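Residue numbers (the working numbering), protein chains in the order written: chain P, 7 to 160; chain B, 5 to 303.
Hints in this document: simulated from the structure, not taken from any laboratory. The reader is advised that the hints may include incorrect statements.
[Unchecked claim] As a list, the in silico EDC-like pairs of lysine to aspartate or glutamate whose alpha-carbon atoms are at most 16 angstroms apart:
id : chain 1 : residue 1 : chain 2 : residue 2
1  : B       : 41        : P       : 47
2  : P       : 153       : P       : 126
3  : B       : 267       : B       : 240
4  : P       : 153       : P       : 127
5  : P       : 153       : P       : 124
6  : B       : 41        : P       : 46
[As the list claims (entries may be wrong)] Residues on chain P that point at chain B, a partial pick, calculated with CB under 8 angstroms:
id : residue
7  : 38
8  : 104
9  : 133
Note that this is a predicted model, so its numbers are computed, not measured. Quick reminder that beta carbons are idealized off the backbone N, C-alpha and C, glycines included.
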Amino acid sequence: MTYILTVNGTDYPVDADVTRNLLSVIREVVGLTGTKEGCDDCECGACMVLLDGRPVNSCSYLAVQAQGCAITTIEGLQSDGDLHPLQRHMLESGAVQCGFCTPGMIVSARALLDANPDPDDEDIRIGLSGNLCRCTGYARIIEAVRKTAAGDSG
Amino acid sequence: MRFTKAETVEEALHAMAAGARPIAGGSDLMVAARQGKSPLPESIVAIDRIPALSRMDADERGMRIGAAVSHAQLEVDPRIVADYTALADAAALVGSPATRHVGTIGGNIMNSSPAMDTGAPLVVLDGRVELRSLDRTRQIDISEMWTGPGQSVAAVDELCTAILLPERAPRSGSGYVRLEYRRAMEIAVVGAAASVTLAPDGDLLAAISVALTAVAPTIVSVEIPKEAIGRPVDDDLLDRIAVAASERAQPISDVRASARYRKHIVGVMARRAAASAFGRARGETIGVPLNRTAGIGAP
Numbered sequence: 007m008t009y010i011l012t013v014n015g016t017d018y019p020v021d022a023d024v025t026r027n028l029l030s031v032i033r034e035v036v037g038l039t040g041t042k043e044g045c046d047d048c049e050c051g052a053c054m055v056l057l058d059g060r061p062v063n064s065c066s067y068l069a070v071q072a073q074g075c076a077i078t079t080i081e082g083l084q085s086d087g088d089l090h091p092l093q094r095h096m097l098e099s100g101a102v103q104c105g106f107c108t109p110g111m112i113v114s115a116r117a118l119l120d121a122n123p124d125p126d127d128e129d130i131r132i133g134l135s136g137n138l139c140r141c142t143g144y145a146r147i148i149e150a151v152r153k154t155a156a157g158d159s160g
Numbered sequence: 005m006r007f008t009k010a011e012t013v014e015e016a017l018h019a020m021a022a023g024a025r026p027i028a029g030g031s032d033l034m035v036a037a038r039q040g041k042s043p044l045p046e047s048i049v050a051i052d053r054i055p056a057l058s059r060m061d062a063d064e065r066g067m068r069i070g071a072a073v074s075h076a077q078l079e080v081d082p083r084i085v086a087d088y089t090a091l092a093d094a095a096a097l098v099g100s101p102a103t104r105h106v107g108t109i110g111g112n113i114m115n116s117s118p119a120m121d122t123g124a125p126l127v128v129l130d131g132r133v134e135l136r137s138l139d140r141t142r143q144i145d146i147s148e149m150w151t152g153p154g155q156s157v158a159a160v161d162e163l164c165t166a167i168l169l170p171e172r173a174p175r176s177g178s179g180y181v182r183l184e185y186r187r188a189m190e191i192a193v194v195g196a197a198a199s200v201t202l203a204p205d206g207d208l209l210a211a212i213s214v215a216l217t218a219v220a221p222t223i224v225s226v227e228i229p230k231e232a233i234g235r236p237v238d239d240d241l242l243d244r245i246a247v248a249a250s251e252r253a254q255p256i257s258d259v260r261a262s263a264r265y266r267k268h269i270v271g272v273m274a275r276r277a278a279a280s281a282f283g284r285a286r287g288e289t290i291g292v293p294l295n296r297t298a299g300i301g302a303p
């Protein structure tokens, strides 16, 4: 089936089997590999993207259903080579270890801050509750989101 | 696989009459297909962009919730939180923010899992399910909807279009709690919902219903002894509710818990759900989700 997906503001023609999930189409057809495949089972959040601003596990979402939506991946957060404040604070807070969860974590945090610019720690934990990290223990990830919300120029 | 996108309910019904199966968020379908439980259907019709299915409408008879309303909508909707609080308690516990955005109440009902969080609240709130096919529209009590794990009375060409919740009596409250080992992406070990209505004057019980999650092949109702009506909601009554819930449970042992533990702990959950429903009926502010305000489950 052929259709168009709009990823980070750019229209990509897609010619792919209709059963493909959004994750595989983003990685293998569109060619953006920042979005990761972790559990492939809707559990870990490594595949998180935004559909019209709302977080979605792209491993468990049919790509064809995303037609007409504005899809945002981790690659869509930077502007003109400048890191998004969330990306910068993740780096500077030491919130990145192996890094595999990081794109999904940042995408979920972006959705959280867009909906709630002034979250408390509990709000941040809930906002990131669909994202697993096996390295950091989460404390520095939460710190990075808190600093971003506070507008800390870091 | 053939994929079409319906703009209206009628288009979806025509596609289903021709053999297509509906997809909304698709999480259950996609995960089940990948785990090898059931392959994706030969033909799919997307129903998640049909405006009529994504609406919530309220009038003097109660509330009509479109089948494609998401858990994320339910957990913050002021009318649901105020009047149908147990449903908000449950919606706020489903999966993660991502799952709650794509997951729909209709999908939850049609997936017919005995561990679904929204099921027991819909039972105690006297929900009715609207099912439509090209030939007919019918409503059935939610308590008659499920026949076994993954099984419902809906025919293959019937689309769940709405859930109807009757207007709540004055001085009513409801609540849902579940036992969980972690706070997100969790499936209920067991759960319980309760709805309480108090007499117009005083705090004597006028009506109560309790339903249980993940202790039987379907969500089940608990029969509360008639002597409870007209009595104060005290420790003695709450203990009786706990015993009745444990006696009603017919759980299995699996990787999540033993049958013996489930049978005991579902009584504890029913007691807590009833106590909180009572508090809400008296006008106490008890935050949503109840699992967090009651401190149940993972810290």
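Verification of the supplied hints:
no.: 1; hint: B/41 - P/47; result: 13 angstroms, holds
no.: 2; hint: P/153 - P/126; result: 11 angstroms, holds
no.: 3; hint: B/267 - B/240; result: 20 angstroms, violated
no.: 4; hint: P/153 - P/127; result: 11 angstroms, holds
no.: 5; hint: P/153 - P/124; result: 11 angstroms, holds
no.: 6; hint: B/41 - P/46; result: 15 angstroms, holds
no.: 7; hint: 38; result: 19 angstroms, violated
no.: 8; hint: 104; result: 20 angstroms, violated
no.: 9; hint: 133; result: 6 angstroms, holds
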